[in-house]
Each structure stands twice: as C-alpha cells, then as structure tokens.
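Protein chains: 2
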Amino acid sequence: MSTRKPRRRARNKAVTFKLRQPPIRELKNRFAPAAPLDEEQLELIHQSSLDLLEDMGIEVLGDRALEVFRAAGAEVGDDGIVKLDRGLVEQCLSTVQGAFKLHARKPERSIVVGDNVINFGLVSGPPNVHDNINRRRSGNFADYKTLIKLGQSFNAITFYGNQALAPTDLAVDTRHLDTSNVNLTLSDKVFMATGIGAGRALDAAKMCAIAHGLTLEEMRHTPTVATNININSPRKLDDAMAYGAMQMSALGQAVVVTPFTLMGAMTPATMAGALVQQNAEALFGVCLTQMVRPGAPVVYGGFTSNVDMRSGAPAFGTPENSLANMAGGQLARKYNLPYRTSACSASNAVDAQAAYETQMALWGAVMGHGNLIYHAAGWMEGGLVASFEKLVIDAEMLHGMGGVLEPLKIDLEEIGLDAMREVGPGGHFFGCAHTMERYKHAFNEPIISDWQNNENWQLAGAKDAQARATELWQKTLAVYEEPELDPARKEELLSFVANRKEAVNKDGLAWEPELYN
Amino acid sequence: MSTRKPRRRARNKAVTFKLRQPPIRELKNRFAPAAPLDEEQLELIHQSSLDLLEDMGIEVLGDRALEVFRAAGAEVGDDGIVKLDRGLVEQCLSTVQGAFKLHARKPERSIVVGDNVINFGLVSGPPNVHDNINRRRSGNFADYKTLIKLGQSFNAITFYGNQALAPTDLAVDTRHLDTSNVNLTLSDKVFMATGIGAGRALDAAKMCAIAHGLTLEEMRHTPTVATNININSPRKLDDAMAYGAMQMSALGQAVVVTPFTLMGAMTPATMAGALVQQNAEALFGVCLTQMVRPGAPVVYGGFTSNVDMRSGAPAFGTPENSLANMAGGQLARKYNLPYRTSACSASNAVDAQAAYETQMALWGAVMGHGNLIYHAAGWMEGGLVASFEKLVIDAEMLHGMGGVLEPLKIDLEEIGLDAMREVGPGGHFFGCAHTMERYKHAFNEPIISDWQNNENWQLAGAKDAQARATELWQKTLAVYEEPELDPARKEELLSFVANRKEAVNKDGLAWEPELYN
Numbered sequence: 001m002s003t004r005k006p007r008r009r010a011r012n013k014a015v016t017f018k019l020r021q022p023p024i025r026e027l028k029n030r031f032a033p034a035a036p037l038d039e040e041q042l043e044l045i046h047q048s049s050l051d052l053l054e055d056m057g058i059e060v061l062g063d064r065a066l067e068v069f070r071a072a073g074a075e076v077g078d079d080g081i082v083k084l085d086r087g088l089v090e091q092c093l094s095t096v097q098g099a100f101k102l103h104a105r106k107p108e109r110s111i112v113v114g115d116n117v118i119n120f121g122l123v124s125g126p127p128n129v130h131d132n133i134n135r136r137r138s139g140n141f142a143d144y145k146t147l148i149k150l151g152q153s154f155n156a157i158t159f160y161g162n163q164a165l166a167p168t169d170l171a172v173d174t175r176h177l178d179t180s181n182v183n184l185t186l187s188d189k190v191f192m193a194t195g196i197g198a199g200r201a202l203d204a205a206k207m208c209a210i211a212h213g214l215t216l217e218e219m220r221h222t223p224t225v226a227t228n229i230n231i232n233s234p235r236k237l238d239d240a241m242a243y244g245a246m247q248m249s250a251l252g253q254a255v256v257v258t259p260f261t262l263m264g265a266m267t268p269a270t271m272a273g274a275l276v277q278q279n280a281e282a283l284f285g286v287c288l289t290q291m292v293r294p295g296a297p298v299v300y301g302g303f304t305s306n307v308d309m310r311s312g313a314p315a316f317g318t319p320e321n322s323l324a325n326m327a328g329g330q331l332a333r334k335y336n337l338p339y340r341t342s343a344c345s346a347s348n349a350v351d352a353q354a355a356y357e358t359q360m361a362l363w364g365a366v367m368g369h370g371n372l373i374y375h376a377a378g379w380m381e382g383g384l385v386a387s388f389e390k391l392v393i394d395a396e397m398l399h400g401m402g403g404v405l406e407p408l409k410i411d412l413e414e415i416g417l418d419a420m421r422e423v424g425p426g427g428h429f430f431g432c433a434h435t436m437e438r439y440k441h442a443f444n445e446p447i448i449s450d451w452q453n454n455e456n457w458q459l460a461g462a463k464d465a466q467a468r469a470t471e472l473w474q475k476t477l478a479v480y481e482e483p484e485l486d487p488a489r490k491e492e493l494l495s496f497v498a499n500r501k502e503a504v505n506k507d508g509l510a511w512e513p514e515l516y517n
Numbered sequence: 001m002s003t004r005k006p007r008r009r010a011r012n013k014a015v016t017f018k019l020r021q022p023p024i025r026e027l028k029n030r031f032a033p034a035a036p037l038d039e040e041q042l043e044l045i046h047q048s049s050l051d052l053l054e055d056m057g058i059e060v061l062g063d064r065a066l067e068v069f070r071a072a073g074a075e076v077g078d079d080g081i082v083k084l085d086r087g088l089v090e091q092c093l094s095t096v097q098g099a100f101k102l103h104a105r106k107p108e109r110s111i112v113v114g115d116n117v118i119n120f121g122l123v124s125g126p127p128n129v130h131d132n133i134n135r136r137r138s139g140n141f142a143d144y145k146t147l148i149k150l151g152q153s154f155n156a157i158t159f160y161g162n163q164a165l166a167p168t169d170l171a172v173d174t175r176h177l178d179t180s181n182v183n184l185t186l187s188d189k190v191f192m193a194t195g196i197g198a199g200r201a202l203d204a205a206k207m208c209a210i211a212h213g214l215t216l217e218e219m220r221h222t223p224t225v226a227t228n229i230n231i232n233s234p235r236k237l238d239d240a241m242a243y244g245a246m247q248m249s250a251l252g253q254a255v256v257v258t259p260f261t262l263m264g265a266m267t268p269a270t271m272a273g274a275l276v277q278q279n280a281e282a283l284f285g286v287c288l289t290q291m292v293r294p295g296a297p298v299v300y301g302g303f304t305s306n307v308d309m310r311s312g313a314p315a316f317g318t319p320e321n322s323l324a325n326m327a328g329g330q331l332a333r334k335y336n337l338p339y340r341t342s343a344c345s346a347s348n349a350v351d352a353q354a355a356y357e358t359q360m361a362l363w364g365a366v367m368g369h370g371n372l373i374y375h376a377a378g379w380m381e382g383g384l385v386a387s388f389e390k391l392v393i394d395a396e397m398l399h400g401m402g403g404v405l406e407p408l409k410i411d412l413e414e415i416g417l418d419a420m421r422e423v424g425p426g427g428h429f430f431g432c433a434h435t436m437e438r439y440k441h442a443f444n445e446p447i448i449s450d451w452q453n454n455e456n457w458q459l460a461g462a463k464d465a466q467a468r469a470t471e472l473w474q475k476t477l478a479v480y481e482e483p484e485l486d487p488a489r490k491e492e493l494l495s496f497v498a499n500r501k502e503a504v505n506k507d508g509l510a511w512e513p514e515l516y517n
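Just so you know, the protein sequences line up as chains A and B, in that order.
Each residue of the first sequence is one higher than the one before, counting from 1 in the working numbering.
Each residue of the second sequence is one higher than the one before, counting from 1 in the working numbering.
Since the hints were derived computationally from the structure, they do not count as laboratory data.
Identical copies carry no separate label here, and so any pair may be met within one copy or between two of them.
Once the Cα atoms are required to be at most 20 Å apart in a straight line, the calculated SDA-like pairs of lysine to any residue come out as: (1) K334 with F31; (2) K149 with P483; (3) K463 with R135; (4) K236 with A72; (5) K506 with D173; (6) K409 with L44; (7) K440 with G312; (8) K28 with N116; (9) K206 with T222; (10) K409 with E40; (11) K83 with D418.
Sequences are here, hints too, so could you generate the full structure?
Shown next, in the form of structure tokens:
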C-alpha cells in the first residue's frame with residue numbers, strides 16, 4: 001500500500017488542473033482588410049518591383065536553381081544574376097493556388113491556407129530560449145520538445161513554423177530528423193519543416209508520409225508539410241533556400257517565400273522601398289516554385305519592419321511593422337496568393353513592451369488579412385529568444401483575437417427586452433433568468449488575465465501577468481498528453497531517423513533537389 | 001559664486017532632457033471601419049432600442065428634466081418614466097451636428113470632434129492614483145496637477161476627460177473650481193468638466209469664458225468645454241447628470257452621453273442586449289440635449305464591456321469590449337453623431353496584461369472609428385486607479401497608433417531603385433546616400449521602447465518598460481513648462497474661484513440649470 005499512495009496522489013494532483021480555453025476553431029476574417037495603400041500606390045509598388053526583377057534581377061546561388069530559371073525563359077547572367085521579365089512573372093503567377101489545405105495527420109487539425117482563414121503559428125527559429133525558472137540559455141532539444149508540447153496544448157495555435165528553436169545541442173546535419181520526429185509525435189498539428197537544402201526538405205516529406213500512412217506519390221496532391229524560405233535581402237537567393245523550396249515544390253508540398261526586409265538595413269529606409277523590394281523578392285521565389293511545378297502550393301510572405309537608425313538594432317511591433325503587415329496583404333491579394341505575416345516583438349522582458357509590440361504587429365497582421373501569422377506565440381528579442389512566459393501571454397492575446405473574429409449572435413432572444421423589463425431601471429441582471437441561462441458561456445474566458453479587485457489580488461500574492469504565465473506553462477506541461485499515433489508508424493519514424501542519421505553521418509546531407517516529375 | 005553654482009547645475013541638468021516625440025497632429029482615420037454587425041443586425045439593434053424607448057422608457061429624476069421631456073412631447077408617467085416614440089427620437093436626431101470643433105484657448109490645440117478625426121484623451125475619474133515612487137493612494141489635488149502636466153507634455157493626448165482623478169482631499173462642492181482652474185492654467189488642451197449638477201457645468205463654462213476672453217453669449221456658438229454624462233444603466237437618468245447636460249447644452253457647450261453598460265451586470269449577459277440598451281440610453285440623452293437646444297453639440301458615447309460572470313468583477317480590453325467599441329461606431333454613424341469610446345484595462349499591475357488589454361480596446365476603438373477615445377492613457381484597475389507609469393506606456397502606444405494612421409509616402413524617390421542598384425545583392429543600406437538623406441526622421445521614434453540587444457540591455461540595468469516609464473514621467477515633470485496665459489485672465493480665474501468658493505460655502509452649489517435661451 002505504501003508504495004502506491006504517492007503515485008496516486010501525484011496523479012490526482014495532475015488531474016486537478018484543466019486548461020480552460022476556447023476550442024480549436026477555424027477563424028475567418030469578416031472585417032474589411034485595412035488598406036494603407038491606395039490603388040495608385042499599390043500599382044506603383046507592383047510596377048516598380050517588376051522593374052526591379054526585369055532590370056536588376058536577383059542573384060541566385062546554385063547551378064540547379066539557375067538551370068530551372070534558364071529553362072523557364074529567364075535571363076541568367078554569368079554573374080548568377082537572374083532577371084525575369086513581366087511576361088514570365090505573369091505566366092508563373094497564373095498557375096498559383098489562391099488557397100490550399102495543409103493536411104495534419106489528425107484530419108481535424110488540418111488548416112486552410114488562404115480563403116480568408118487566419119492561422120496563428122508558434123514562435124520559430126530562435127537560437128535561445130528563456131523562462132523564469134531556468135532563465136536565458138542556448139536552444140536545446142529538451143526545450144524544443146517543451147515548446148512543441150505547449151504549442152499542442154494551446155488551442156489558439158494551429159501550426160508550427162520552421163523549428164520552434166534551434167536545438168544547438170544536436171548535430172547540425174541531423175537535428176532536422178529529431179525535430180521533425182518531435183513535431184510528428186508530440187503534436188498532431190501541422191508544421192513547417194526546415195528546408196535548408198533539398199535533403200532536409202525531402203526527409204521531412206518522407207517522415208510526414210510515414211506519419212500519414214501515405215506514399216510520397218500519394219502525398220503529391222495532399223500537402224502535409226511546408227517550409228519557409230527567406231530571400232537574403234537585398235536580392236539574393238542562396239542555394240540552400242532555393243533547393244529546399246524546389247524540393248518541396250517538386251513533392252507538391254507547400255513553400256512560404258519570405259524576404260527578410262528590415263527597412264534601413266536590408267532595404268532603403270522607406271516603406272516604399274521596402275515594399276518594392278519585398279514584393280520583387282517574394283514574387284521571385286513564388287515564380288521559382290511554379291517553374292518547378294505549376295500549381296505547387298506557395299504563400300506570399302512579408303517580413304518588413306524597421307531598424308533603429310541610431311544603433312541598427314531591429315525593431316518589431318512598430319507602426320511601420322504594423323503597416324507593412326497590412327500592405328503586404330494588399331500585395332498578396334493582388335496576386336491571388338495566400339499571405340504569411342508575423343506578430344513579433346523586440347522586447348528583452350516579458351513586460352508591457354512585449355505585449356504592446358506584439359499587439360501592434362498582430363492587429364496589423366489580422367486587419368491586413370494574414371492567413372499564416374508566424375511567431376504569434378513566444379517570440380522575444382527580435383527573434384533571438386523563444387520564451388515560455390511570452391508564449392502563454394501571447395496565447396491569451398490570440399484567444400482574445402479569436403473572440404473578436406467570432407461572428408456575433410444578434411436576435412430577439414439574445415437581446416432580451418423581457419429581461420430588461422423584468423430588471424427595471426437601476427436594477428441588475430445577475431440573477432435574472434436570461435442571465436442564468438447564459439452566464440457560464442456568455443463571455444470569452446481568459447487563461448491568465450486577472451480581474452480581481454486590488455485587495456484580493458494583493459492577498460493572492462500580487463502576481464503580475466508574467467508570474468501567472470510561469471505558473472500556467474508549468475501546470476500545462478504537467479497535464480500534457482501525447483496525441484495518439486499508430487505505434488507502427490511511430491516505430492517506423494524512429495527507424496527512419498536512425499537510418500538517415502547513419503547515412504548522413506557517412507555520406508553527408510543531400511544538398512541538391514531530386515526533382516520528381 | 002558658491003551660491004550660484006548649484007542653481008546653474010540644476011538648470012543645466014533639467015535642460016539636458018528633452019522628450020523626443022512626434023508633434024501634436026490631427027489624426028484622420030483612413031481605414032475602412034471594422035463593422036462586426038451586418039446591416040440586418042444593425043437594423044435589429046436600432047429598432048429594438050426604439051422599442052425600448054417607446055414601450056419601457058427611461059426613469060428620469062429631476063422635475064426640470066421631466067418638464068423638458070414633457071414640453072417636447074414625450075410621455076411622462078407619474079413614476080418618472082419617460083417614453084419617447086420613434087417620431088420624437090427621429091425629430092431630435094434631425095438637429096444633431098455630425099462634427100464640431102471644440103475650441104482650446106490656444107487655437108492650435110482645438111480639436112475636431114467627428115469627421116473621421118481621432119482624439120486620444122487622458123484617464124479620467126479614478127478615485128485612486130498609483131506610481132512606483134509613492135505607490136497606491138487616494139486621489140489628491142497634487143496628483144491631479146501632475147496628471148494634467150503629464151497630459152500637457154505628451155503630444156499624443158489631445159484632450160482631457162472629466163477630472164483626471166477625484167481629488168479627495170478637496171471639498172466635494174468646490175473641487176470642480178480647483179480642477180477646472182488647473183486644467184485651464186497648467187494645460188492649453190481642451191478638457192471635459194465635471195457636470196454633476198448644473199452649477200458645476202455653469203462654473204466650468206464661465207471659467208472657460210474667462211480663459212478664452214469671451215462672454216458666455218459669445219461662447220454660445222463656440223464650444224470650448226464639454227462634459228461627459230453617464231446614464232445609470234439600466235434605464236435611469238439622475239438629476240445630477242440630466243441637469244449638467246441640460247446646462248451645457250443651453251450654453252452651447254458639448255455633451256457626451258455615455259451609458260455605463262457592463263454586460264451581465266447592468267445589461268443582459270449578451271452583446272445583443274448590451275448594444276440595444278446602450279443605444280436606447282445614449283439616444284435618450286442625445287434627445288434631451290436637442291430638446292434643450294436644437295443643434296447643441298452632442299456625442300454618442302459607448303462604454304460596453306463585460307463582467308467576469310464568476311465574480312462580477314468588471315473586465316476591459318476583452319474581445320467583447322473590443323467588439324463593442326467597433327459596433328458602437330456603427331450605431332453612432334447611423335445617426336450622424338460623433339462617437340466617443342475608450343481604451344481601458346482591468347489589470348492591477350503595469351504589466352503585459354495592462355498593455356494587451358489596452359491595445360485590444362484601443363484597436364477596437366480606432367478601427368471602430370472612435371472620435372474621442374477616453375481613458376487612452378493612464379487608466380488601470382477598471383478605472384479605480386490613475387497610473388503615471390501606465391500613462392507613459394499608453395502614450396507610447398498612442399504615438400505608435402498615430403504612426404499607423406499617418407498617410408504613407410509612396411513615390412519613385414521614396415522607392416529608391418537607384419539605391420538598390422547601388423547597394424547590390426547581399427549588401428546593406430546603412431551608408432548609401434538614399435539612407436543618409438532620410439535616416440534621422442525615417443521612422444517613428446519610441447519614447448520608452450527599448451530595442452537594445454540583450455547584453456546591452458542587461459548592462460544598462462535590465463529595466464523593464466515599467467521601470468523606464470518611472471524614469472520618464474519624472475524627467476518629463478522636471479522639464480514641464482506651464483503654457484502661456486495672459487496674467488490678467490489668470491488673475492481673473494483665481495478671483496472667480498475664490499468668490500465662487502465663498503458663495504458655495506454660504507449658499508450651496510446651484511443644482512438646477514439656468515436655461516439660457
């Protein structure tokens with residue numbers, strides 16, 4: 001008996017906590033898009049970016065990529081500069097899909113990319129991680145798993161961007177196998193895989209095929225994975241990015257093309273210049289995917305913010321960043337492309353700045369009709385840190401945004417004129433039947449917002465949002481449950497990882513794409 | 001020499017700090033309004049609120065108010081219930097002004113109320129005050145002055161709501177004289193005066209007349225002051241509020257009518273019910289002003305949020321609050337009325353919650369096309385506290401919002417294709433001529449956002465936004481300068497205050513309006 005008791009207590013303790021949150025829901029944007037550019041401005045940006053592609057072009061590294069451009073009719077210089085004329089851009093844009101479904105291994109977790117649907121993604125990419133228990137440290141595999149678990153736990157998150165953090169304790173050439181395996185086993189939500197080089201992209205696709213129980217051939221028309229590639233602004237596409245994108249497109253998987261355009265550093269110090277450059281570079285990447293495989297699912301990415309012109313430090317959640325998030329949507333819609341944008345912050349602390357910057361970017365992204373909103377939970381320090389506390393606070397903001405996007409129910413029963421008559425002037429509605437029927441689910445319930453009066457709040461320890469977030473991510477992890485996955489597929493994934501590690505360690509990582517046609 | 005030196009040093013020290021911020025600017029909303037209600041829903045709310053006014057009516061306290069309603073043709077019951085039929089409401093609404101100017105004593109500080117202009121107002125009304133130096137305490141006159149000075153200092157603030165806080169150390173019946181005097185001398189921005197009873201409203205108008213060098217008669221067509229009145233939801237208008245509004249309207253000064261409609265407490269626990277009640281009550285107050293003086297400047301106020309249905313505690317910055325801010329704008333525009341809304345938070349700390357709640361409400365208010373956005377800087381704890389730190393942080397958010405609302409400059413020069421050619425693929429734009437010409441004023445400059453990298457931020461003391469705000473309000477106060485005012489008028493204001501105090505202490509405060517015709 002004495003050995004069983006502690007176990008039971010521990011279990012009971014875990015079961016007492018239940019994260020109360022809105023269900024996973026498909027959010028559709030019913031607001032008119034915020035359009036900071038008028039028609040003339042939009043056209044000038046469009047035309048100027050086509051001028052850029054025609055006259056200046058983009059430098060491309062990688063012979064296989066240059067071959068694709070050449071074969072499609074682009075002008076390829078000896079210096080690796082690729083120029084696309086208007087006609088060719090137009091031709092490539094004629095085959096894009098305005099929306100597509102990204103299939104999760106659990107069908108209910110699939111997401112629509114485009115079609116006015118809004119998806120919020122977990123932070124991705126930081127080299128460091130922070131929480132209030134273990135402080136700031138280099139990204140590592142244990143924390144990677146924790147982030148995936150948290151992303152699985154919060155219903156506001158419907159996808160993962162490329163690698164939630166860089167697990168710097170794992171070997172560079174094989175860590176993508178470990179992270180994809182974690183994404184496929186600790187979560188049933190869709191994810192973007194790192195596509196640095198074709199080998200990584202192909203591995204991710206093969207692992208998704210295993211998890212989904214499909215062949216690569218069957219998956220060709222069933223996008224299950226995506227990768228985000230960056231253009232190295234200004235005007236440079238390197239082979240690692242090009243090959244990752246080409247491989248994904250060849251496999252019928254999705255590519256998000258995102259120029260990394262910080263105004264004043266990678267672009268002119270103007271919104272006009274940044275948008276032209278972003279647009280030219282994004283279209284260039286989009287064209288590449290369509291040259292590889294017309295109709296391949298592809299997303300227009302925008303990542304335009306400004307730097308602090310005194311120090312060169314990147315800034316996020318600025319008015320410029322918010323406006324660029326809106327303007328990017330105008331451009332993406334012009335080309336009938338789904339739109340990826342972000343909700344970021346540059347703050348060093350999980351404080352008011354972290355929240356207001358994220359909100360500024362988030363509202364810009366939502367009102368700009370972003371379809372994939374990256375980094376929407378947990379991004380800190382301009383992308384150098386993934387934060388558990390900020391992840392929780394951001395999840396609260398996203399639940400709130402979900403509430404804003406839910407359609408309103410307005411009818412005579414909801415209005416309740418009879419209840420008003422019953423209550424009378426100066427009364428209150430707490431006890432009336434109309435309220436009693438509804439009070440349990442009347443309003444969006446917060447996950448960490450604290451609305452106690454000051455006295456009670458003081459008595460409860462005067463915990464600020466950050467302290468409450470520390471408690472919540474710990475409780476959430478304590479009750480986290482791994483989603484179901486057929487044990488055979490799980491086993492197959494593990495052996496795929498083991499075999500590939502052996503092969504990569506022996507022969508190196510494949511770099512060039514295998515262009516399936 | 002020894003006596004002069006410290007003084008010189010102190011002066012130099014003060015002069016070294018200059019608050020870098022955008023200039024005072026008139027912000028026009030160029031975005032399409034966010035419209036959560038479709039046409040049918042809007043019409044149902046409109047019709048239901050007219051049903052409410054026709055069938056149930058509003059309880060009114062105060063014989064002079066009942067007289068006005070009776071004379072205008074309303075049905076006035078012995079129980080003080082006033083019912084307005086559709087025709088009468090329509091008739092009253094036919095005389096409202098869609099926009100008007102509220103004149104400041106310094107002409108450049110005048111604001112347009114309506115016409116798609118957005119104005120952000122300082123916190124008003126809290127009984128308590130908080131800052132990180134002196135902590136939480138009851139509202140007092142010294143802190144009142146500090147708030148007015150801070151409001152004067154931040155360019156994002158263009159008006160003051162009714163009393164920045166309640167100066168509880170001053171006598172209740174005469175404190176309005178002291179606060180109006182402070183508003184008129186420590187600031188040159190427009191303000192709302194407390195209109196609790198006609199006497200206070202009349203005093204405020206007379207003091208404005210002195211400060212502006214006008215007679216009351218001349219001021220009749222020059223609104224210089226406003227008051228916000230609340231309907232005591234549900235369905236009750238008390239004499240203090242009614243008389244304040246009637247007096248202001250009679251004088252040609254502006255009235256903001258704001259039902260205080262917390263869903264689940266003062267209204268049914270539904271958005272539909274709250275909006276119907278808000279609309280009925282707001283229109284009721286609007287009608288009163290037009291009955292007193294057709295064409296009197298009046299503003300449609302919305303203040304709908306929800307309570308925590310478990311504790312009854314009010315919540316702000318919730319999705320419901322944000323949506324109500326948008327929906328209120330749809331209703332106000334339907335009646336061609338300027339629209340007042342708010343940006344509030346329920347947080348007990350100046351933390352991430354304070355910021356994200358305020359942003360949620362603020363974006364709702366801005367995208368809902370609010371013209372007067374109350375409590376936009378410094379409001380805490382659901383209105384129980386005015387906070388100096390939050391004021392600074394909110395000012396930063398408002399400057400940012402101002403940046404979002406500024407028109408974009410998009411032309412070939414701004415785009416800078418030549419600069420892109422000059423920099424070339426993979427280069428950077430820091431040193432190029434296009435950047436050098438612009439870098440000083442390229443981007444919105446923050447007042448407290450910190451974009452340093454983590455190492456430098458740690459070296460600088462790892463100060464979070466709140467700590468930086470504490471520093472900034474102190475520095476701001478240290479260099480605050482009283483705006484110019486003709487010494488004779490200043491003197492006249494002081495003697496008006498002294499004389500009125502004597503009279504009020506002797507004869508009491510006038511309660512009923514003097515209806516100038």
